[in-house]
Each structure stands twice: as structure tokens, then as C-alpha cells.
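Participant: Using the sequences plus the hints, can you model the full thing?
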Amino acid sequence: MSENLKVNVLMVDDDESNLVALEAVLQSLNQNLIRARSGEEALRRVLEKDFAVILLDVQMQGMNGIETAAAIRERERSRHIPIIFLTGMLRTEEMIFKGYSAGAVDYLMKPFIPEVLRAKIDVFVELALVRLKLQEEIEQRKRNAAEIINLNMELQAKNRELQDRSNQLQEMVSELESYSYSISHDMRAPLRAMRGFADVLLEDALPQLSEEHQRYLRKIVAGANRMDQLIRDVLTYSQVSRSRLELKAVDMDGLVHQIIEHYPENQESGASIVVEGKLPKVMGNESMLTQCISNLIGNAIKFVVPGQQPKIWIRAERNKGKVRVWFEDNGIGIEPENLARIFGIFFKVHSMDRYQGTGIGLSIVQKSVDKMGGKVGVESDVGRGSKFWIELKEAA
Amino acid sequence: MKTILIVEDSLDDIYFLQRALLAAEIRNPLQLVRDGQEAIDYMEGRGNFGDRAAHPFPAVIILDLKLPIVSGLEVLKWIREREVFKGIVISVLSSSRLDSDVALAHRLGCNSYMVKPATVEKLRELVKIHL
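Quick mapping for you: the protein sequence lines, in order, are chains A and B.
Residue numbers for the first sequence follow the numbering used here, beginning at 1 and rising by one.
Residue numbers for the second sequence follow the numbering used here, beginning at 1 and rising by one.
Keep in mind the hints are simulated off the structure, nothing from the lab.
These numbers were taken from a predicted model, which means no experiment stands behind them.
Treat the hints with caution; some may be incorrect.
Listed next, the in silico SDA-like pairs over lysine to any residue satisfying Cα-Cα at most 20 Å (straight line) [claimed, not checked]:
#: 1; chain 1: B; residue 1: Lys122; chain 2: A; residue 2: Glu126
#: 2; chain 1: A; residue 1: Lys6; chain 2: A; residue 2: Arg192
#: 3; chain 1: B; residue 1: Lys116; chain 2: A; residue 2: Glu126
Simulated restraints, written as ranges between beta carbons of each label pair [stated by the list, open to error]:
#: 4; chain 1: A; residue 1: Ala189; chain 2: B; residue 2: Glu25; range: 51 to 57 Å
#: 5; chain 1: A; residue 1: Gln208; chain 2: B; residue 2: Gly50; range: 42 to 48 Å
#: 6; chain 1: B; residue 1: Asp99; chain 2: A; residue 2: Gly307; range: 36 to 42 Å
#: 7; chain 1: B; residue 1: Arg97; chain 2: A; residue 2: Glu261; range: 17 to 23 Å
#: 8; chain 1: A; residue 1: Met194; chain 2: B; residue 2: Asp99; range: 23 to 29 Å
#: 9; chain 1: B; residue 1: Arg97; chain 2: A; residue 2: Lys393; range: 27 to 33 Å
#: 10; chain 1: B; residue 1: Asp99; chain 2: A; residue 2: Ala396; range: 23 to 29 Å
#: 11; chain 1: A; residue 1: Glu268; chain 2: B; residue 2: Leu11; range: 33 to 39 Å
#: 12; chain 1: A; residue 1: His262; chain 2: B; residue 2: Pro56; range: 36 to 42 Å
The C-beta atom is built at its ideal place from N, Cα and C for all residues, glycine as well.
Facilitator: Have a look at this one:
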């Protein structure tokens with residue numbers, strides 16, 4: 001677009017033939033050539049348009065060139081336009097002084113040499129063109145800046161929208177969570193009835209039942225128990241998800257020993273559990289940690305080759321203000337392809353027939369540790385055992 | 001023999017509780033109300049419960065938490081706020097294992113907290129300590 005830009009050149013002379021001659025010389029510059037036949041007409045033209053340069057005859061009828069130049073200089077709009085005087089007179093000192101003080105930038109004597117005239121005018125045309133281009137660039141930059149501001153505002157609006165949406169979703173999620181919590185809770189009542197009445201039949205009506213029917217009844221009880229465990233785990237999981245907790249220093253050593261002593265399944269299984277050294281204090285929540293540790297120990301006891309004595313080693317590593325507690329077992333281990341998924345909710349490696357479980361225990365561990373600002377992980381050798389770890393901040 | 005007041009809305013749970021009490025050989029007379037407001041009316045001897053011979057003052061209350069009209073926790077609070085009911089043993093029997101429910105019930109002054117279903121051992125323990 002700037003290639004097609006043209007600027008205006010004003011030629012002022014009261015002699016038509018002079019104007020024609022000027023035009024002939026300047027045609028090849030390929031700019032807009034505007035004629036004025038008097039000083040007054042020249043003043044009107046500079047009011048209408050911007051000019052790159054004005055060629056001004058000094059000797060004119062009425063308003064002469066010097067007066068015209070002075071008038072052009074007085075006006076704000078035309079003050080900056082360069083003026084070249086054309087004069088047939090000898091250059092007297094006084095004349096030149098007057099001319100320069102009226103705003104002339106140059107003089108050309110008539111008869112002028114076409115190449116010289118054209119070269120001088122060309123300089124001013126180029127200057128004006130550069131100025132125009134600059135102006136255009138500035139305009140473009142202003143437009144760009146405006147566009148950026150616009151885009152920024154749009155982005156901010158989008159951001160706000162997203163924030164609102166995310167808040168809404170957050171609300172929906174917590175609503176759903178409390179909904180699923182109360183549903184899970186309510187599911188336990190009919191389940192308790194099923195389990196309770198099955199127990200009543202087992203206690204009161206066993207002699208009347210065939211062996212096959214007794215087996216069915218026991219299956220009902222086992223199913224109800226499994227369902228109860230499942231609901232309980234879901235409740236625990238959603239409770240962990242919903243809770244906002246304060247972290248406190250927890251005596252890991254005392255807690256682990258207490259869990260080992262008090263959990264009946266630990267005793268029944270005949271498991272050997274060794275705590276190596278004294279475990280450091282960590283920042284956490286005691287009831288969540290209790291849940292995590294008993295889930296990890298429970299798994300270590302559960303997932304062994306049938307008939308084998310479960311062995312568990314618990315030890316801690318300190319590193320840069322963090323404590324990593326390892327739970328190592330001699331169990332069946334986990335295939336490498338399952339390692340990444342083992343903490344996912346409802347993920348189970350084994351069928352119900354071989355190892356009972358709801359597939360939520362490790363999800364609870366992960367969620368809890370996550371809530372306490374820590375990490376969980378596992379390493380495993382199939383057939384040799386697994387090493388689970390949880391990592392939390394060390395308490396000061 | 002001292003009366004036990006059962007506050008429970010679920011017929012199934014009432015049946016299971018009665019069976020467990022029987023199995024635990026607890027033969028104290030039982031009184032039954034089905035919601036929180038009835039429990040309060042019973043304690044105040046209001047309306048249907050005006051006759052103290054037919055509806056004796058209980059020594060032990062077995063209280064469900066999830067009750068219609070007035071919740072078990074509110075009943076617990078209401079009783080513990082009244083000097084005249086001092087010394088009454090209140091055992092919560094709830095399906096909720098929530099730490100927050102257990103903690104709140106204890107803060108409001110229950111003597112024990114049992115998770116449903118009530119076992120023979122727990123009931124024996126309750127009676128042995130308090131009756």
C-alpha cells in the first residue's frame with residue numbers, strides 16, 4: 001500500500017506558462033502536482049491539503065511570494081511545509097534575508113535547470129513519503145496495540161468465565177460427593193437387614209435346611225459382608241476426599257507400633273512385622289495415617305502365597321526434610337504392567353476367589369497422602385515381594 | 001428391674017436389637033419410641049406417656065442418631081441439658097462410623113457409642129457397667 005502513496009506538490013506562479021513548464025519538469029516524479037495562480041489561491045490550497053513542498057514564485061501580482069510564505073508560516077496547519085522560492089531577480093542580500101525569515105528553505109533562479117529542480121523537489125517528496133510511511137506505521141502500531149488490549153480484555157473475560165465454570169464444577173463435584181456419601185450411607189441400612197436376617201436363619205433354621213441351601217445362605221452372608229466392606233471403603237474414600245485437614249506433627253513410631261499391636265488381623269495371620277530403628281515424626285493427620293498404615297500392612301499380610309507366613313519390614317529414610325517410610329513384604333509381588341495402576345480406585349489385580357478386596361484400599365492411601373501433601377510409590381519383584389512407601393514432611 | 005428405652009425408627013433394627021438383647025440374656029423391661037420427638041415426650045411424660053406406671057423412667061436409653069423429626073444428637077443434647085435427667089445412661093447405636101459423629105456424640109455426653117448391629121458382647125458390657 002505504501003508503494004502507491006503519493007504526496008502533493010504545490011506550484012505557485014501567476015504566469016500560466018511557468019506553471020506548465022514546472023509541471024513538465026516534475027511529471028516524472030509521479031506525484032500529485034497542484035497549481036495555484038496567486039498567493040491567495042495558494043493559501044486556500046494549503047488549507048485543503050497537506051503538501052510535501054511548495055514552489056513559490058517571488059514576483060507575483062497582488063500578494064507576492066514573500067508575503068504568501070509569511071502567511072503560510074503563520075498558520076498552524078501549514079507551518080512545517082518547506083518552501084522553495086523561484087525568482088528571476090538577482091539574489092540581493094536583503095531579499096534572501098527576507099525570504100529565509102519568511103520560511104524559505106531554498107532559492108532557485110529562473111530560468112532553472114530542470115535536473116536541479118527535479119532533484120531538489122525529489123528530496124522533499126522522499127522526505128514526505130518517509131514521514132507518511134512512518135505515520136502509517138505508527139497508526140498500524142496503535143491499531144495493533146488497541147487490538148492487543150482488546151484481545152487481552154477478551155482473554156480476561158474468558159478467564160473469568162473459566163473461573164466461574166471451574167467454581168461451578170467444584171460445587172457440583174462436592175455436591176456429588178456428599179450425595180454419593182449419603183447414598184452409600186443409606187445403602188448400609190437394607191444391607192444390614194439382609195445380613196441380619198440371613199444370620200437369623202443361620203442361627204434358628206439351620207436344621208431345616210438342606211446342605212445346599214445352607215451353602216446359599218452362607219453365600220448371602222459373605223456377599224453382604226463384602227458389600228458392607230465395599231461401602232465402608234467408598235465412605236472412607238469420599239470422607240478423605242472431602243476433608244480439609246490441618247497438618248500436625250505425628251509420632252510415626254508410636255502410631256505404627258500401636259497399629260501392629262491393636263489390629264486383630266495382624267495377630268491372626270501370624271505375620272512377622274519388624275520395625276527397623278525408630279521412625280521419625282512426620283507432618284500429617286493421625287487418623288488418616290492410621291488408615292494408610294493399616295491398609296498397607298493389611299495388604300502385605302493379605303497378598304502372600306497361601307500357607308506362607310507374611311513378613312513385613314518397616315523402616316524410614318530421611319532426606320532433605322522429607323521422611324520416606326517403607327513397607328516391604330515377602331508377598332506375591334506386582335507385575336510391572338500393573339504397578340502404575342495399582343493406586344487407581346477399584347483397580348484389582350486378582351479375582352475375588354483368590355484374594356478378597358474392594359480395590360479401594362490403595363486409592364485411600366494415595367488420596368490421604370496426597371491430602372497431607374506427600375507422595376506414595378511402590379517397587380516390586382513378582383514372586384519376591386513389594387516395597388510400598390509413603391513420603392511426608394518431617395516434623396520439626 | 002430397670003427399664004431400657006429404645007429410640008429407633010427402623011423395625012428391622014428394632015428386631016435385631018431385641019434378638020441381641022435376648023441373646024445377651026438382658027431381661028430388663030423394654031420401652032420403645034420411634035422418633036426423636038417421641039423420645040422427648042416420653043422423658044417429659046407428655047401425651048401418651050403420661051402414665052409413669054405404664055411408661056417408667058428409663059435407666060438406660062439406646063439411641064439411634066438418624067431419626068425422623070428430631071435427630072438423635074438433638075435428643076442427646078436435650079437430655080444432657082436437663083438436670084432432672086442426670087444419671088441416665090445413654091448409649092448411641094448408630095450405623096455411622098464417621099469420626100465426626102462419634103466425637104460429637106461423646107462431646108454431647110453419651111456414655112457409649114455402638115456401631116450397628118449391636119453385638120451381644122457390647123450389650124452385656126453396657127448392662128454390666130451401668131445397670
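Participant: Taking the hints in turn, state whether each one holds.
Facilitator: Taking the hints in turn, this is what the structure says about them:
Simply put, lysine 122/B and glutamate 126/A have alpha-carbon atoms about 105 Å apart, too far for the 20 Å limit, and the pair is violated. For the hint pairing lysine 6/A with arginine 192/A, the CA-to-CA distance comes to about 93 Å; that exceeds 20 Å, so the pair is violated. Restraint check for lysine 116/B and glutamate 126/A: the C-alpha separation of about 97 Å exceeds 20 Å, so the hint is violated. Here the CB-CB span from alanine 189/A to glutamate 25/B is close to 27 Å, at odds with the stated 51 to 57 Å.
A beta carbon spacing of about 46 Å between glutamine 208/A and glycine 50/B agrees with the range 42 to 48 Å that was offered as a hint. In this structure the supplied range 36 to 42 Å holds for aspartate 99/B paired with glycine 307/A, their Cβ-Cβ distance being about 37 Å. Separated by about 21 Å at the C-beta atoms, arginine 97/B and glutamate 261/A satisfy the suggested range of 17 to 23 Å. Range check, methionine 194/A to aspartate 99/B: about 27 Å between beta-carbon atoms, so the 23 to 29 Å window is met.
The beta-carbon spacing between arginine 97/B and lysine 393/A, approximately 29 Å, falls within the hinted interval of 27 to 33 Å. Look at aspartate 99/B against alanine 396/A: about 26 Å separates their beta carbons, and that is inside 23 to 29 Å. For the pair glutamate 268/A and leucine 11/B, the beta carbons lie near 36 Å from each other, so the given range of 33 to 39 Å is met. Between histidine 262/A and proline 56/B, the C-beta spacing of about 40 Å keeps the proposed range 36 to 42 Å intact.
Hints 1, 2, 3 and 4 from the earlier list are contradicted by this structure; the remaining hints agree with it.
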